[in-house]
Amino acid sequence: DIQMTQSPSTLSASVGDRVTITCRASQTISTWVAWYQQKPGKAPKLLIYDASSLESGVPSRFSGSRFGTEFTLTISSLQPDDFATYYCQQYSSYSTFGQGTKVEIK
Amino acid sequence: EVQLVESGGGWIQPGGSLRLSCAASGFTVSSNYMSWVRQAPGNGLEWVSVIYSSGRTYYADSVKGRFTLSRDTSKNTLYLQMNSLRAEDTAVYYCARDQTLTDYWYFDLWGLGTLVTVSS
Numbered sequence: 001d002i003q004m005t006q007s008p009s010t011l012s013a014s015v016g017d018r019v020t021i022t023c024r025a026s027q028t029i030s031t032w033v034a035w036y037q038q039k040p041g042k043a044p045k046l047l048i049y050d051a052s053s054l055e056s057g058v059p060s061r062f063s064g065s066r067f068g069t070e071f072t073l074t075i076s077s078l079q080p081d082d083f084a085t086y087y088c089q090q091y092s093s094y095s096t097f098g099q100g101t102k103v104e105i106k
Numbered sequence: 001e002v003q004l005v006e007s008g009g010g011w012i013q014p015g016g017s018l019r020l021s022c023a024a025s026g027f028t029v030s031s032n033y034m035s036w037v038r039q040a041p042g043n044g045l046e047w048v049s050v051i052y053s054s055g056r057t058y059y060a061d062s063v064k065g066r067f068t069l070s071r072d073t074s075k076n077t078l079y080l081q082m083n084s085l086r087a088e089d090t091a092v093y094y095c096a097r098d099q100t101l102t103d104y105w106y107f108d109l110w111g112l113g114t115l116v117t118v119s120s
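Protein chains in written order, with our numbering: chain P, 1 to 106; chain A, 1 to 120.
Derived from the structure by calculation, the hints contain no laboratory data.
Take the hints with a grain of salt, since some may be wrong.
[To be verified] Only some residues are given here: those of chain P computed to face chain A with a beta carbon under 7 Å:
(1) Thr31
(2) Ala43
(3) Leu46
(4) Tyr49
(5) Phe67
(6) Phe83
(7) Phe97
(8) Gln99
Beta carbons are placed, not taken as given, at the ideal position from N, Cα and C, and that holds for glycine.
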């Protein structure tokens, strides 16, 4: 099974900060990675797919990148609506998710 | 409106069975790949099962042999039959859509989820 190791588990930040979340895959998975945002009591929302493609309707402050087996979600300027938990997902072989990163107010 | 609505969750004793439903509107279930993804309380996301447009199904090892995914095209509804339930199956169960129609699934539409609690 492919494991996705996500870090950090919690991140404290302020509005306007640049935020970076990382997932490392246990093996090569090309660009088969998506990123989701989840707020308490709500379903996940797709932000990024194929490592760096922005889902329609998602603000351009969200971006994704890949370097080898390391994948990064970046929020260029954190907004009040962005405080949430973020998950990566690999879909190279079946599907597995990272453990999540909670972005909280500093 | 394009949406997914899950139902059928509840409290069940270990070893029991439950059938979850996921009703779709605004698109055709059988033309997409549809999955169930679960989230144990306070935990992360775990993919459970997928059904392809062809009808082929795949399961996570944790539920293989106990869960069965099916669909009713006349009702545009997805079902997850869960047997031999265990405490570790306790979770919110989401149905989710994948539109890629390939072996590489990501989920662009999710339902609100239904809670399954397995406890004596």
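Outcome of the hint check:
1. Interface hint at Thr31 of chain P: violated, since its Cβ lies 10 Å from the closest Cβ of chain A, which is beyond the 7 Å cut-off.
2. For Ala43 of chain P, the shortest C-beta to C-beta distance to chain A is roughly 4 Å, which falls under 7 Å, so the interface hint holds.
3. Satisfaction of the interface hint for Leu46 of chain P is found here, the shortest Cβ-Cβ separation to chain A being roughly 5 Å, below the 7 Å cut-off.
4. At about 5 Å, the closest approach between the beta carbon of Tyr49 of chain P and any beta carbon in chain A falls short of 7 Å, and the interface hint on this residue holds.
5. A cut of 7 Å between beta carbons decides the hint on Phe67 of chain P: the least distance to chain A is about 20 Å, and the hint is violated.
6. Proximity of Phe83 of chain P to chain A is violated relative to the hint, the smallest CB-CB distance being about 18 Å (cut-off 7 Å).
7. Satisfaction of the interface hint for Phe97 of chain P is found here, the shortest Cβ-Cβ separation to chain A being roughly 4 Å, below the 7 Å cut-off.
8. Here the hint on Gln99 of chain P is kept, as its CB sits about 5 Å from the closest CB of chain A, short of 7 Å.
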